[in-house]
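Make the full structure from the sequences, and use the hints.
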Amino acid sequence: MIATRADGRAIRRREAGKKLLARIWRFRFMYFLLLPGFAYFIVYKYLPMFGLVVAFQDYSAFRGFFRSEWVGFDNFKLIFEGSDLGRVLFNTLYLNFMQLGLAFPAGIVLALLLNEVRHEFFKKTVQTVVYLPHFVSWIVVVGLVFTLLSSDGIVNSALKLLGLPTINFLTSDAWFMPLIVLENIWKESGWSSILFLAAIAGINPNLYEAAAMDGAKRWQKIWYITLPGIRGTIVILLILQLGNILNTGIEQIFLMVSSLTRDVGTTLDLYVFQKGIEKADYSFATAFGLFKSVVGLVLILAANRLAKRFGEDGVF
Numbered sequence: 001m002i003a004t005r006a007d008g009r010a011i012r013r014r015e016a017g018k019k020l021l022a023r024i025w026r027f028r029f030m031y032f033l034l035l036p037g038f039a040y041f042i043v044y045k046y047l048p049m050f051g052l053v054v055a056f057q058d059y060s061a062f063r064g065f066f067r068s069e070w071v072g073f074d075n076f077k078l079i080f081e082g083s084d085l086g087r088v089l090f091n092t093l094y095l096n097f098m099q100l101g102l103a104f105p106a107g108i109v110l111a112l113l114l115n116e117v118r119h120e121f122f123k124k125t126v127q128t129v130v131y132l133p134h135f136v137s138w139i140v141v142v143g144l145v146f147t148l149l150s151s152d153g154i155v156n157s158a159l160k161l162l163g164l165p166t167i168n169f170l171t172s173d174a175w176f177m178p179l180i181v182l183e184n185i186w187k188e189s190g191w192s193s194i195l196f197l198a199a200i201a202g203i204n205p206n207l208y209e210a211a212a213m214d215g216a217k218r219w220q221k222i223w224y225i226t227l228p229g230i231r232g233t234i235v236i237l238l239i240l241q242l243g244n245i246l247n248t249g250i251e252q253i254f255l256m257v258s259s260l261t262r263d264v265g266t267t268l269d270l271y272v273f274q275k276g277i278e279k280a281d282y283s284f285a286t287a288f289g290l291f292k293s294v295v296g297l298v299l300i301l302a303a304n305r306l307a308k309r310f311g312e313d314g315v316f
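No gaps in the numbering here: position 247 of the sequence shown is 247 in UniProt numbering, and each next residue is one more.
Mixed in with the good hints there might be a few duds.
To be verified - Distance ranges between label pairs, derived from CB positions:
1) A61 / V117: 19 to 27 Å
2) E209 / F27: 39 to 47 Å
3) S172 / D74: 37 to 45 Å
4) G101 / A61: 39 to 47 Å
5) F80 / T125: 49 to 57 Å
6) G202 / D7: 46 to 54 Å
7) E209 / L240: 27 to 35 Å
8) I24 / T125: 25 to 33 Å
Since the hints were derived computationally from the structure, they do not count as laboratory data. A virtual CB, placed ideally from N, CA and C, is assigned to each residue, including glycine.
Encoded structure:
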């Protein structure tokens, strides 16, 4: 009897395999189109993961991967024994929670406002204007900020004309984080609103007509129809954003920070750059990068599980 069941399972597996091969052969040209995508991920995403072995070595560029000394978890111990870790971690989390609390909702608010614009030409013009900053490099953005907010910039010149005291925006610890967040809002809110506008376009228009017949005002339609309609999109993007809670990017912070704002402006990415790249300690930089990736993965899994518990679809 047992041999008969095993034979039956083997026959079913063979039949399933034949069907799969027949299906692949039938759509072989479609699968052929997937090859460049597979090649991209293998070459640029999976093969470089071999470099993670550097995190467990005292890597030397002269000895290479195979002859560098194996040190196990010593590089990870250095991360937690570092006296600067607490301050750098606080700066990173503080900045990212500010981004989540201010920059992330800005895209939603902008999408809701654009959705309420009825004049198509004006709407398209505004959309184009708010999308453009996404394509501007951080060097240009920071250059504009320096021009506007330096001690002899436009803002301080205007304050002098009004008889008000000038403000050291670029050298003040108190202004560093707000400036980073405001730059992000200006640069990325328009681009992030695209996804929310696409989600709004998928809402059944009959719901708005039914609400109008019941006497609902615009604010009530937004609150009871639009926001619940894009709730799934908001949750998914929020989960993905949580995965980057330890990432602040290097370019913007590197350009904005100075010796006067280094205490509040040094985030994990800048810290890794200074320790790992400038001082050529590649093992430490790789260990730190791996640590950040693991934390991000744990946060994504936790947020995804929490979202499903509250009835949302989640990311996977």
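Now for the hints, and whether the structure bears them out:
1. A61 / V117: 19 to 27 Å: 56 Å, violated
2. E209 / F27: 39 to 47 Å: 42 Å, holds
3. S172 / D74: 37 to 45 Å: 39 Å, holds
4. G101 / A61: 39 to 47 Å: 42 Å, holds
5. F80 / T125: 49 to 57 Å: Since the Cβ atoms of F80 and T125 sit about 52 Å apart, the hinted range of 49 to 57 Å holds.
6. G202 / D7: 46 to 54 Å: Distance hint for G202, D7 holds at roughly 50 Å.
7. E209 / L240: 27 to 35 Å: 34 Å, holds
8. I24 / T125: 25 to 33 Å: Because 48 Å falls outside the window, the suggested range is violated.
Violation of the numbered hints given earlier is confined to hints 1 and 8; the remaining hints are satisfied by the structure.
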